[in-house]
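Engineer: One-letter residues, chain by chain:
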Amino acid sequence: MARDQTGVSTPALEVHDLTVAYHKRAVLYGIDIAVPEGNLVGIVGPNGAGKSTLIKAIMGIVPKASGWVEVFGEAFDANPARIGYVPQRESVDWDFPVNVMDVVLMGRYGKLGLFKRPSRADKEMASECLEQVGMLPFANRQIANLSGGQQQRVFLARALAQESDLYLMDEPFAGVDAATEAAIVTLLQNLRARGKTVLVVHHDLSTAQEYFDMLLLLNMRVVAFGPTEEVYTMELLQKTYGGRLTVLSEVAESVGKGPMKRGK
Amino acid sequence: MKATPIVLMVLLAWFLAGSELHAARASDVVEINLQEQIGDFFKLRPPVPTMLAGALLLGLSCGLLGSFIVVRRMALMGDTLSHAVLPGVALGFMWSMSKDPVAMLVGATLVGLFGSVVVTWIRRTTRIKQDAALGIVLATFYALGVCMIRMIQNSGGGNSGGLDGIFFGDAAALRSQDVALMAVLSLLTLLLITALYRPFLAISFDPGFARSAGLPVALLDHMMMMFLAFAIVVSLQAVGVVLVSALLITPAATAYLMTDRLHRMLWIAGLVGMFSAALGVFCSFLGGKLPSGPFMVLSASAVFGLAYLFAPKHGTLTRWWRRKNRSRQIRNENTLKAIYRVLEDREFEGEGVSLQELAELRRETLETARAQVRALVRAGAATTGEGGNIAYLTPDGQRRSWAIVRNHRLWELYLTNLADYEPDHVHEDAEKIEHVLGEEAVRELEKLLDYPEVDPHGKQIPRVPRKTAAVEEPAGYGGGGQR
Numbered sequence: 014m015a016r017d018q019t020g021v022s023t024p025a026l027e028v029h030d031l032t033v034a035y036h037k038r039a040v041l042y043g044i045d046i047a048v049p050e051g052n053l054v055g056i057v058g059p060n061g062a063g064k065s066t067l068i069k070a071i072m073g074i075v076p077k078a079s080g081w082v083e084v085f086g087e088a089f090d091a092n093p094a095r096i097g098y099v100p101q102r103e104s105v106d107w108d109f110p111v112n113v114m115d116v117v118l119m120g121r122y123g124k125l126g127l128f129k130r131p132s133r134a135d136k137e138m139a140s141e142c143l144e145q146v147g148m149l150p151f152a153n154r155q156i157a158n159l160s161g162g163q164q165q166r167v168f169l170a171r172a173l174a175q176e177s178d179l180y181l182m183d184e185p186f187a188g189v190d191a192a193t194e195a196a197i198v199t200l201l202q203n204l205r206a207r208g209k210t211v212l213v214v215h216h217d218l219s220t221a222q223e224y225f226d227m228l229l230l231l232n233m234r235v236v237a238f239g240p241t242e243e244v245y246t247m248e249l250l251q252k253t254y255g256g257r258l259t260v261l262s263e264v265a266e267s268v269g270k271g272p273m274k275r276g277k
Numbered sequence: 302m303k304a305t306p307i308v309l310m311v312l313l314a315w316f317l318a319g320s321e322l323h324a325a326r327a328s329d330v331v332e333i334n335l336q337e338q339i340g341d342f343f344k345l346r347p348p349v350p351t352m353l354a355g356a357l358l359l360g361l362s363c364g365l366l367g368s369f370i371v372v373r374r375m376a377l378m379g380d381t382l383s384h385a386v387l388p389g390v391a392l393g394f395m396w397s398m399s400k401d402p403v404a405m406l407v408g409a410t411l412v413g414l415f416g417s418v419v420v421t422w423i424r425r426t427t428r429i430k431q432d433a434a435l436g437i438v439l440a441t442f443y444a445l446g447v448c449m450i451r452m453i454q455n456s457g458g459g460n461s462g463g464l465d466g467i468f469f470g471d472a473a474a475l476r477s478q479d480v481a482l483m484a485v486l487s488l489l490t491l492l493l494i495t496a497l498y499r500p501f502l503a504i505s506f507d508p509g510f511a512r513s514a515g516l517p518v519a520l521l522d523h524m525m526m527m528f529l530a531f532a533i534v535v536s537l538q539a540v541g542v543v544l545v546s547a548l549l550i551t552p553a554a555t556a557y558l559m560t561d562r563l564h565r566m567l568w569i570a571g572l573v574g575m576f577s578a579a580l581g582v583f584c585s586f587l588g589g590k591l592p593s594g595p596f597m598v599l600s601a602s603a604v605f606g607l608a609y610l611f612a613p614k615h616g617t618l619t620r621w622w623r624r625k626n627r628s629r630q631i632r633n634e635n636t637l638k639a640i641y642r643v644l645e646d647r648e649f650e651g652e653g654v655s656l657q658e659l660a661e662l663r664r665e666t667l668e669t670a671r672a673q674v675r676a677l678v679r680a681g682a683a684t685t686g687e688g689g690n691i692a693y694l695t696p697d698g699q700r701r702s703w704a705i706v707r708n709h710r711l712w713e714l715y716l717t718n719l720a721d722y723e724p725d726h727v728h729e730d731a732e733k734i735e736h737v738l739g740e741e742a743v744r745e746l747e748k749l750l751d752y753p754e755v756d757p758h759g760k761q762i763p764r765v766p767r768k769t770a771a772v773e774e775p776a777g778y779g780g781g782g783q784r
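Those protein sequences? They're chains U and H, same order as listed. Counting from 14, one number per residue, gives the positions in the first sequence under the working numbering. Counting from 302, one number per residue, gives the positions in the second sequence under the working numbering.
Don't read these hints as lab results, they were simulated from the structure. Incorrect hints may have been included.
Computed spacing ranges between beta-carbons, pair by pair [what the hints assert, rightly or not]:
| no. | chain 1 | residue 1 | chain 2 | residue 2 | range |
| --- | --- | --- | --- | --- | --- |
| 1 | U | 161 | H | 766 | 41 to 49 Å |
| 2 | H | 629 | U | 208 | 54 to 62 Å |
| 3 | H | 646 | U | 192 | 42 to 50 Å |
| 4 | U | 60 | H | 732 | 40 to 48 Å |
| 5 | H | 623 | U | 27 | 55 to 63 Å |
| 6 | H | 565 | U | 78 | 37 to 45 Å |
| 7 | H | 743 | U | 154 | 17 to 25 Å |
| 8 | H | 341 | U | 154 | 47 to 55 Å |
Just so you know, even glycine gets a beta-carbon here, dropped at the ideal spot from N, CA and C.
Just need the whole structure built from these sequences, with the hints factored in.
Structural biologist: Right under this line is the structure:
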């Protein structure tokens with residue numbers, strides 16, 4: 014774990030006073046978080062809370078109105094290769110004329126720069142990443158001929174091929190089958206075991222408690238950020254979701270059971 | 302989408318009828334006019350080489366850049382850009398007071414890029430969406446350009462002749478300096494796309510991801526826009542402002558139907574673009590003074606029509622043909638299965654199966670049975686005897702009949718034993734699966750079920766000998782009671 018001279022560990026990701034606005038309407042205000050290295054962080058909150066926007070603002074895909082982002086103590090653009098990204102599945106055209114291998118190889122483009130071609134080693138690396146998500150047999154398949162869960166796995170393989178230290182994933186669990194969900198959870202745990210830091214936008218409160226070490230409760234601002242055991246409380250969730258009773262009644266039960274004991 | 306083939310056919314018919322009509326008229330006047338024209342064209346005397354070179358170059362540029370436009374769903378952007386360059390052409394002309402290709406290129410590129418900036422600006426500052434913004438900019442710039450060009454022509458300043466060609470394309474008016482500029486720009490386009498193929502692929506497929514990977518997305522985007530403007534300007538003289546976008550989109554769309562990989566699509570689009578443009582030049586040459594732009598576009602549309610029908614994977618006729626073949630195969634397999642069952646019912650006594658027996662088993666008429674057997678004969682699976690009343694399976698037909706029955710019974714067994722279906726529920730399902738089980742799946746099933754001999758209904762599961770083995774081998778694991 015990286016430490017500076019004072020002996021305090023540098024956070025994998027630090028967001029300071031981040032504000033994002035669309036057409037002068039703020040969608041995120043004053044976001045302040047520092048994510049310690051090696052954690053799985055779930056970002057939860059109601060629809061329109063700005064979860065995806067937060068990820069995109071960190072990645073520089075949407076412009077920031079104010080604030081800054083540092084990754085491993087450096088400005089975001091200083092070392093984009095340390096950051097991997099899994100966008101929402103719906104963000105691309107799945108009829109695009111590429112096959113699965115082409116997509117995964119895109120994970121190598123950041124390291125290759127503008128002009129270099131992927132080498133044999135890059136291709137082997139991409140194959141390994143496909144293997145990890147169980148998609149190697151589909152390497153030559155046109156991406157239109159994949160199920161939703163398979164598409165998501167391809168995106169994950171592409172992110173793995175980036176060999177990054179920090180991953181930002183936008184709703185990887187959205188609309189996937191149970192087998193893929195389990196595969197993603199295993200993958201996340203493997204990443205954590207290798208010391209990687211992963212931020213995941215997640216929409217399912219009932220599993221959030223089980224999957225993540227830390228939770229960021231978001232509703233246009235940070236409602237709470239901390240270890241899952243401390244943050245996953247009725248009071249804070251109520252604050253995050255406001256008056257949305259149906260969501261709350263769903264979680265009331267799981268909160269009643271108390272935070273899960275988790276080994277790390 | 303349903304209307305597309307009809308529209309295309311009408312266009313094609315019109316195109317063909319038009320050229321015939323013209324030919325007829327021409328031959329009324331001078332008998333060998335058309336032949337002479339064709340001969341003249343292939344003698345490649347000026348201006349034919351200039352026209353052809355121009356056509357090939359613009360076809361290549363348009364095909365390559367058009368591919369990106371099509372896969373990025375920016376077809377309308379290409380259309381807008383092609384109209385928006387018109388005031389720039391006029392400005393370039395005013396600047397040099399001649400048809401200086403470089404001045405016109407600079408003017409057109411700058412104004413074209415300004416047009417795309419205006420689109421972005423309207424979208425960013427108001428609630429108006431991309432399509433409406435494109436429409437506004439397209440019409441405004443085009444109208445402005447038309448006014449400016451008419452003013453130039455009215456004032457008669459400089460050498461304003463030939464500016465008309467800019468509207469509908471006049472390849473014959475191409476000069477060698479125009480073609481030289483086209484060659485430079487096309488070569489640059491080719492180099493750019495070869496060198497930056499992967500980054501362009503990444504920003505086209507997933508710009509957000511490309512940005513996150515540290516690729517200079519905005520720079521690459523602007524470069525692509527600039528070269529798109531180049532391709533449009535290069536094509537203006539020969540294709541015309543109004544139709545350039547068709548040459549960007551149609552060859553690329555054709556290529557999109559032909560392949561599932563972007564790099565192949567680029568090549569195909571480039572070739573289709575070159576072919577269409579050259580054919581267009583040829584047709585307009587035959588027609589005497591007809592504008593070349595419409596002919597290039599019609600040629601491209603005709604090629605698109607062919608791809609629409611016959612593309613190997615996505616063509617509509619190809620798909621229909623595949624479906625038809627498939628259902629014929631399924632029908633034949635069902636007949637083979639019936640023949641097997643007739644033979645099985647009489648414990649494989651004798652070889653021939655009469656139409657009578659077949660019809661009775663399937664509860665169909667004799668005529669239907671006769672047609673089914675005839676289909677088998679055509680497929681090489683059976684021969685007939687006694688005036689076509691008895692069917693004998695050929696060795697190949699025999700193998701196929703064993704295979705289909707084996708597939709059916711294996712699947713039934715799989716459903717009952719491993720998927721907990723009731724034995725009386727499995728037949729319908731097996732009727733469908735039997736036709737699609739591959740060799741590999743069959744091996745898997747046999748292993749899973751521990752090389753079974755009988756199906757859930759107690760019937761023998763035939764074993765299919767490998768192709769190399771003697772076909773006379775008994776068709777069952779037990780071997781007994783087969784013949």
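Engineer: Could you work out which earlier hints the structure fails to respect and list their numbers in ascending sequence?
Structural biologist: none
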